[in-house]
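Take a look at the letters that make up each chain.
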Amino acid sequence: MLAQVFSAVDACASTTADTAACGQTYSDFLRQWLTVAIFTGVAFGMGAVMLGIAAVLRPSNKRTGAYQNQKRIGYESGVDPVGSGWTQTQVRYYIFALLFVLFDVEAVFIFPWAMRLEDYGTFGLIEMLIFIALLALGLVYAVRKKVLQWL
Amino acid sequence: MILAELLDLDPAYWTTTVIKILVMALVVPTTALILGIVFLFKMMSWMQSRVGPQEAGPKGLLQLLADGVKFMQKEDIVPDRADRFVFKMAPMVVLVSTFLLFVILPAAPDAVVADLPTGVYFALAISSVSVIGVLMAGWASANKYALMGGVRAAGQLIAYELPMVLAVVGVVIQAGTLNMNGIVAAQNSFHLFGWEVLNVPFIVTQLPMFFVFMAATQAELTQPPFDMPVAESELVSGYTVEYSGFRFLLFFLAEFATAFAFAGIAATLFLGGYALPFVDIEQYADLYWFLGPAVLFGKIMLISFLIFWVRFTYPRFREDQLQRIAWKFLIPISLVWLAVTAIAKVVW
Numbered sequence: 079m080l081a082q083v084f085s086a087v088d089a090c091a092s093t094t095a096d097t098a099a100c101g102q103t104y105s106d107f108l109r110q111w112l113t114v115a116i117f118t119g120v121a122f123g124m125g126a127v128m129l130g131i132a133a134v135l136r137p138s139n140k141r142t143g144a145y146q147n148q149k150r151i152g153y154e155s156g157v158d159p160v161g162s163g164w165t166q167t168q169v170r171y172y173i174f175a176l177l178f179v180l181f182d183v184e185a186v187f188i189f190p191w192a193m194r195l196e197d198y199g200t201f202g203l204i205e206m207l208i209f210i211a212l213l214a215l216g217l218v219y220a221v222r223k224k225v226l227q228w229l
Numbered sequence: 002m003i004l005a006e007l008l009d010l011d012p013a014y015w016t017t018t019v020i021k022i023l024v025m026a027l028v029v030p031t032t033a034l035i036l037g038i039v040f041l042f043k044m045m046s047w048m049q050s051r052v053g054p055q056e057a058g059p060k061g062l063l064q065l066l067a068d069g070v071k072f073m074q075k076e077d078i079v080p081d082r083a084d085r086f087v088f089k090m091a092p093m094v095v096l097v098s099t100f101l102l103f104v105i106l107p108a109a110p111d112a113v114v115a116d117l118p119t120g121v122y123f124a125l126a127i128s129s130v131s132v133i134g135v136l137m138a139g140w141a142s143a144n145k146y147a148l149m150g151g152v153r154a155a156g157q158l159i160a161y162e163l164p165m166v167l168a169v170v171g172v173v174i175q176a177g178t179l180n181m182n183g184i185v186a187a188q189n190s191f192h193l194f195g196w197e198v199l200n201v202p203f204i205v206t207q208l209p210m211f212f213v214f215m216a217a218t219q220a221e222l223t224q225p226p227f228d229m230p231v232a233e234s235e236l237v238s239g240y241t242v243e244y245s246g247f248r249f250l251l252f253f254l255a256e257f258a259t260a261f262a263f264a265g266i267a268a269t270l271f272l273g274g275y276a277l278p279f280v281d282i283e284q285y286a287d288l289y290w291f292l293g294p295a296v297l298f299g300k301i302m303l304i305s306f307l308i309f310w311v312r313f314t315y316p317r318f319r320e321d322q323l324q325r326i327a328w329k330f331l332i333p334i335s336l337v338w339l340a341v342t343a344i345a346k347v348v349w
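Going line by line, the protein sequences match chains A and B.
Take any residue in the first sequence, note its place counting from 1, add 78, and you have its number in the numbering used here.
Take any residue in the second sequence, note its place counting from 1, add 1, and you have its number in the numbering used here.
Calculated from the structure, these hints are not laboratory results.
Heads up, a few of these hints could be off.
To be verified - Computed spacing ranges between beta-carbons, pair by pair: (1) B/Leu62 <-> A/Asp182: 27 to 33 Å; (2) B/Gly299 <-> A/Lys224: 45 to 51 Å; (3) B/Thr31 <-> A/Val160: 43 to 49 Å; (4) A/Asp106 <-> B/Trp290: 20 to 26 Å; (5) A/Val183 <-> B/Val28: 17 to 23 Å; (6) B/Val24 <-> A/Arg170: 24 to 30 Å; (7) A/Phe122 <-> B/Trp349: 43 to 49 Å; (8) A/Lys224 <-> B/Ile20: 55 to 61 Å; (9) B/Val280 <-> A/Ala175: 43 to 49 Å; (10) A/Val179 <-> B/Leu62: 45 to 51 Å; (11) A/Tyr145 <-> B/Ala67: 27 to 33 Å; (12) B/Val28 <-> A/Gln146: 37 to 43 Å; (13) A/Ala175 <-> B/Phe279: 43 to 49 Å; (14) A/Tyr145 <-> B/Pro12: 54 to 60 Å.
Stated by the list, open to error - Computed footprint of chain A on chain B, listed as stretches where at least three residues anywhere in the stretch have a Cβ under 8 Å from a Cβ of chain A: (15) 151-159; (16) 260-269; (17) 337-345.
Built from N, CA and C at the ideal position, the CB exists for glycine as well.
Chain A with its partners taken away, still in its complex shape (with noise of 0.2 Å):
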């Protein structure tokens, strides 16, 4: 089941896979990520790991009273907070995330291109090109809407 499925994703699907590599299924492939798989359980467990011989080793002080509530309160430079902490930031950041998605989108469609320039050869060049330069014109609008002009 799994051979079918991946066998469109398989690394010998491309024209640049040796044949050499081809004689093995599918495992090949999956093995690689079932590896990162298995090490972002890693990462999980060290930081465990780390934080459970800390947990031994720090004293734990449970004890609640007007001096030891002070300590969890939000540091603000000394000044007792007022207000909520979630407080309103600047609105400005949302513009700057939306011209992130236009990049980002930018990105995902030009890494396989970037991949398979030789295959794709002058026609996809120019047609990268042009699209490359229609993004770079949104940029142009947003730096003439003063979107990047805060002061």
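Once you have looked at the hints, place chain B on chain A.
Showing chain B alone in chain A's frame:
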């Protein structure tokens, strides 16, 4: 059924995986220690005419270990108003993001944890996961400084993610692959103008991209001059302000380990990775088992030196200047050089 098929791999796979886990569990914290001691303590004190640590170990070399032991004994304080679960998970997310960066870094032709076909892309993707961790830390602390720092960090990281991605595309066009080993091999067999004597790494043809990549790396690490999110004089260290004890140390570890990993990625993309020019990878495959890690480590230390040199000598950019540099300079530079590389690739 899928799980059964996955687990039905040969024992050799599990043996190598266990070895890899042990090696990586040692390597990742060690890299943070090395960078911390060599650059943060020794080079910084030397460059800024300070004394630096002297007491712990010979010439104060064990200071960072002593600090680690000290951090372990500190009380773990969670603010009353904080979102406890998110607050506690945030350092873990950052740590996982850092740890997975090392997974695709090859130290020799076969000395790589996961030789992913989309290696660089994976690294770029996983490095942006740390943004989520930072935003979690800033939001969950329920502190105005932390929130401001978190939002600034997120805005900065996404702004500099783009120049970094575009800088990598230049290398990908030249190499024709996203695989880290493939990029090293492409540089090992790359001859400028087709001349055999000019066997050079990609930094020669991608120098503007290297500059863009290093600037973006500096911003991703939130190091001076791009340290607005953790500015100690106005935000009292931003999103880490409420963290104490070992959770703070996890952020610190992750920052330096990420610096090492990014230096490694830069070394692989632009300086030829573990390979040396004129020493063929195929021909000297056995030699590279010993030569590769040493060469890669040397290159990483060289690039780390650049990173920390800038960190110790430049003043901080203002928040809007920081955004303007990314959008007005770094992205156009990388777009132009991307087009130049693509045209050159098709014409030749």
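Failing hints, ascending?
-> Hint check: 1, 5, 6, 16 fail, others pass.
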